[in-house]
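Here the protein sequences line up with chains E and Z, keeping their order. Here this note's numbering is used: the first residue of the first sequence is 1, the next is one more, and so on. Here this note's numbering is used: the first residue of the second sequence is 1, the next is one more, and so on.
Treat the hints as calculated values from the structure; they're not laboratory data. On a predicted model such as this, the values are computed, not experimentally measured, just so you know. Hints may be right or wrong, so weigh each one.
DEER-style ranges, computed between Cβ atoms [claimed, not checked]:
{"id": "1", "chain 1": "E", "residue 1": "Ser66", "chain 2": "Z", "residue 2": "Glu200", "range": "19 to 27 Å"}
{"id": "2", "chain 1": "Z", "residue 1": "Arg96", "chain 2": "E", "residue 2": "Ala87", "range": "39 to 47 Å"}
{"id": "3", "chain 1": "E", "residue 1": "Asp158", "chain 2": "Z", "residue 2": "Phe253", "range": "30 to 38 Å"}
{"id": "4", "chain 1": "E", "residue 1": "Asp130", "chain 2": "Z", "residue 2": "Ala265", "range": "19 to 27 Å"}
Using 20 Å as the maximum straight-line C-alpha spacing, the simulated EDC-like pairs for lysine to aspartate or glutamate come out as follows [what the hints assert, rightly or not]:
{"id": "5", "chain 1": "E", "residue 1": "Lys41", "chain 2": "E", "residue 2": "Glu10"}
{"id": "6", "chain 1": "E", "residue 1": "Lys73", "chain 2": "Z", "residue 2": "Glu375"}
{"id": "7", "chain 1": "E", "residue 1": "Lys41", "chain 2": "Z", "residue 2": "Asp258"}
{"id": "8", "chain 1": "Z", "residue 1": "Lys476", "chain 2": "Z", "residue 2": "Asp531"}
{"id": "9", "chain 1": "Z", "residue 1": "Lys537", "chain 2": "Z", "residue 2": "Glu375"}
{"id": "10", "chain 1": "Z", "residue 1": "Lys94", "chain 2": "Z", "residue 2": "Glu75"}
{"id": "11", "chain 1": "Z", "residue 1": "Lys537", "chain 2": "Z", "residue 2": "Glu520"}
{"id": "12", "chain 1": "E", "residue 1": "Lys73", "chain 2": "E", "residue 2": "Asp63"}
{"id": "13", "chain 1": "Z", "residue 1": "Lys132", "chain 2": "Z", "residue 2": "Asp70"}
{"id": "14", "chain 1": "E", "residue 1": "Lys73", "chain 2": "Z", "residue 2": "Glu374"}
{"id": "15", "chain 1": "Z", "residue 1": "Lys299", "chain 2": "Z", "residue 2": "Glu276"}
{"id": "16", "chain 1": "E", "residue 1": "Lys73", "chain 2": "Z", "residue 2": "Asp258"}
{"id": "17", "chain 1": "Z", "residue 1": "Lys537", "chain 2": "Z", "residue 2": "Glu374"}
{"id": "18", "chain 1": "E", "residue 1": "Lys73", "chain 2": "Z", "residue 2": "Glu268"}
{"id": "19", "chain 1": "Z", "residue 1": "Lys495", "chain 2": "Z", "residue 2": "Asp463"}
We put the beta carbon where it would ideally sit given N, CA and C, even for glycine.
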Amino acid sequence: MSLVNYATREITCKIVYYGPGRSGKTTNLHYIYGQVPEDRKGKMVSLATQTDRTLFFDFLPLDLGSISGFTTKFQLYTVPGQVYYQATRRLVLQGADGVVFVADSQARQLEENIESFQDLHANLSEQGVDPRAMPIVVQYNKQDLPHELILPVSELSDAINFRGAPEFAADALHGPGVFETLRGISELVLRRLSAAGAAPGTAAGAGTK
Amino acid sequence: MRVDKRARFDNYVVGSANRLAVAAAHAVADAPGAVYNPLFVYSSSGLGKTHLIHAIGNQAMTRHPDMAVDYVPLEDFVEQLHAAIATGEMDRFKQRYGRVDVLLIDDMQFLTGRRETQSELLRLLNSLQGSKRQIVMTSDRPPAEIADVDERLIQRLSGGLIVDIGAPDYETRVAILRAKCEEKSITFEPGVIEALARVEFSNVRELQGALNRLAAAQVTDGTLTPAQVASLVGAPEPAPAGSPTAAAQNEFFSFLTDIASAVAAQMEPWKVRVGEAVAFWNGEGYRTRPLERLMQEAKAPDNWEALLRGFAQAVEQLRDLEQQVSTVDPALGGAEMFRDPERLTETAAFVERALAGAVPPAGPQAAFARASFEESASNQMAARAADAVIAEPGHRYNPLFLAGPSGVGKTHLLNAIGNELARRGGANFRVACVGAQLFIDELIAALQDGTIERFRARYRAADALLIDDVQFVGGKERTQDELFHVFNHFHSAGKQLVFASDVPPKHIEGLEDRLRSRFEGGLVAELHAPDRTLREKLFGRFLADARMPATPELLAYLAERSATSVRELIGTVHRLAAAAESAGAPLTLPIAKLTLEPAMNAATTPPASVRQAADVFFLDDEKIVWEWPDAAGRLVEELR
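Bound conformation, chain E alone (with noise of 0.2 Å):
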């Protein structure tokens, strides 16, 4: 997917994000969509469980409007975190622009958030993609809970973030933390537009086959 269309104009970006279930990318999305005006907002898809876990993906399309004369679109995804949903994750992941990768800062799920990790690089290389190229911020989710449930974030970042990725503290469920993540997310990505053309392929980290 490439993330520049000079020729129809438009900007199309697949921010994918990613993390351990129940970590709280839903609710990442239905913060944004909550926040986003009425004539901007695309319709959320979410195909969800009976017991409210993401069964396949939830899809936000965010209409920005025009910038610089482009078109520009996000698309913002969220994988299934439960193990089991290896090959949706890997579909999910295919021609993402970036990667959020929420996590959950509760002590007790850490490990979980390792594994999560360490499977998102895993998959990301499956597709040919290099992880080191691919944009990825970090998200510590759930900082509103109380301390003693929680790590701290230089903890959490000693623990999961050994690629020194950008990283947010974040309360999903009322939304401190959001759009700062998906800020930054999106400058990373931008920021790779005008490497996009000099590396086509790689660059963007498009993991399109």
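Since chain E is already given, all that's left is putting chain Z on it; use the hints.
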């Protein structure tokens, strides 16, 4: 669609936000075509554009009952256009809109990306404006902001007056609500309407919807109080600054602002330009592979601007070619090859073939056969040269230039060469054999119609070119120019050229040196007045052709008589034939002498000095009456 009779000026509430638009609309409705043409009204949805445009229609119809007023939403216009194209009824479509006096078009923003509609509309606007007829258009944005619209059309749309309608202010909202209540005979407690008007609806439709809700609520719940209004219409309580909602709104917009600056910073201007070009030419229906390849480049190549220009030029040439080919065969226009600048060379060659094949230049006249060209010392050199040319066209004498006075057989020989070349060359060997005057006339016609390319192509497609009376190009610079190029084309391609002229090249007046030297570069073969041998041969043949067998003495006698041209000989034969016929006897030497030598009666022949002085016209054998009726015949004539 018809103009909606319910939407009039008298039920259109005027406020500060729409005052200008309404004033312009009034002016236009009162005197269609005289001012503000076209009138372009834009505003966000639901602020009364459509009402206003209908009001113009209604008022125009009231003031000018004889005028044809037509309202059409752009979508319908597009549909009608497509239907017309599909059923081949474009003419009816054009007629339908061509006779409208006031054309009202709604929702122009849907023009985006619709090329054929844009071009049809441009044509229509031009024709309507040209005949001083009014056009009113509405859109949700100004013309320049309607994406992907032909620049010419945008200029056309912006050429009159562009007015916008803003959201109504509080007072206007109150006025609108009161007008609506009156219209629907609804009454509210005092203060209710004002309370509703205080809610800042962004457009009138929402305002109307809210009014309807209040009216419905009043029917079910009884009389409303102003306090109930806000909760009924779901208006948010005025949010204090810094509240979560406001903050959230800011959150999204600040995100948007950041994204916008990030995008702007990362865009590469040259790619944007190339992308625009790709989008534009694609929209026009052209293949843009070279530009698409250009965009794959990591960095702007130094010549990217030149490449863009080159592409545009190639498209121009394709358009030219397409137009040319349509003059010959309209079915060829619109072919795929005219849409692909990469195939320009191929297309140009195709067009050249098509043009050349369509109407080839005239060929040689079949009547002039090589076999019937009699030879003698006076024309032997030319005849030999002609045979050499026929045997090896393009190799021996190229060009062959036949020079000689009028009536010595240049045209015959020229056409004979042509016929022989055509015969030996087979069906695909095309011989162009024309008089210089025809060449000049065709050139002038081509210049006049702008089909000069086609003219050239026609001649260049020939395998041999023979031009008679080439002295006529003397003094005609443009013709010489063309002839020069044609000459070079033939010569360099090894194709045979033959010219005939009444004087050798060096004596043609007003002939440019570049042509003269080229004419002389082959062989200049002179033909002279027929000598005795030739005269004898020709008389023998002419008389035989006229079924008047001649004795050797007669032939000898005739051949002795000098003649400057073969035409003169033919004239003599005609006279002899007439004399023999009137005498009622076969042609004999005495009859010939009697016919040809009226000079025996010295009195009837002017002295030599007079002959020279007299206008040659009177001495032309063909133009003198030789056979006067005898005296008896004349007498009878006079007595009658």
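Going down the list of hints, with the structure as the test:
no.: 1; hint: Ser66(E) with Glu200(Z): 19 to 27 Å; result: holds (26 Å)
no.: 2; hint: Arg96(Z) with Ala87(E): 39 to 47 Å; result: violated (59 Å)
no.: 3; hint: Asp158(E) with Phe253(Z): 30 to 38 Å; result: holds (35 Å)
no.: 4; hint: Asp130(E) with Ala265(Z): 19 to 27 Å; result: holds (25 Å)
no.: 5; hint: Lys41(E) with Glu10(E); result: holds (18 Å)
no.: 6; hint: Lys73(E) with Glu375(Z); result: violated (89 Å)
no.: 7; hint: Lys41(E) with Asp258(Z); result: holds (19 Å)
no.: 8; hint: Lys476(Z) with Asp531(Z); result: violated (35 Å)
no.: 9; hint: Lys537(Z) with Glu375(Z); result: holds (9 Å)
no.: 10; hint: Lys94(Z) with Glu75(Z); result: holds (17 Å)
no.: 11; hint: Lys537(Z) with Glu520(Z); result: violated (31 Å)
no.: 12; hint: Lys73(E) with Asp63(E); result: holds (5 Å)
no.: 13; hint: Lys132(Z) with Asp70(Z); result: holds (15 Å)
no.: 14; hint: Lys73(E) with Glu374(Z); result: violated (88 Å)
no.: 15; hint: Lys299(Z) with Glu276(Z); result: holds (17 Å)
no.: 16; hint: Lys73(E) with Asp258(Z); result: holds (15 Å)
no.: 17; hint: Lys537(Z) with Glu374(Z); result: holds (7 Å)
no.: 18; hint: Lys73(E) with Glu268(Z); result: holds (19 Å)
no.: 19; hint: Lys495(Z) with Asp463(Z); result: holds (6 Å)
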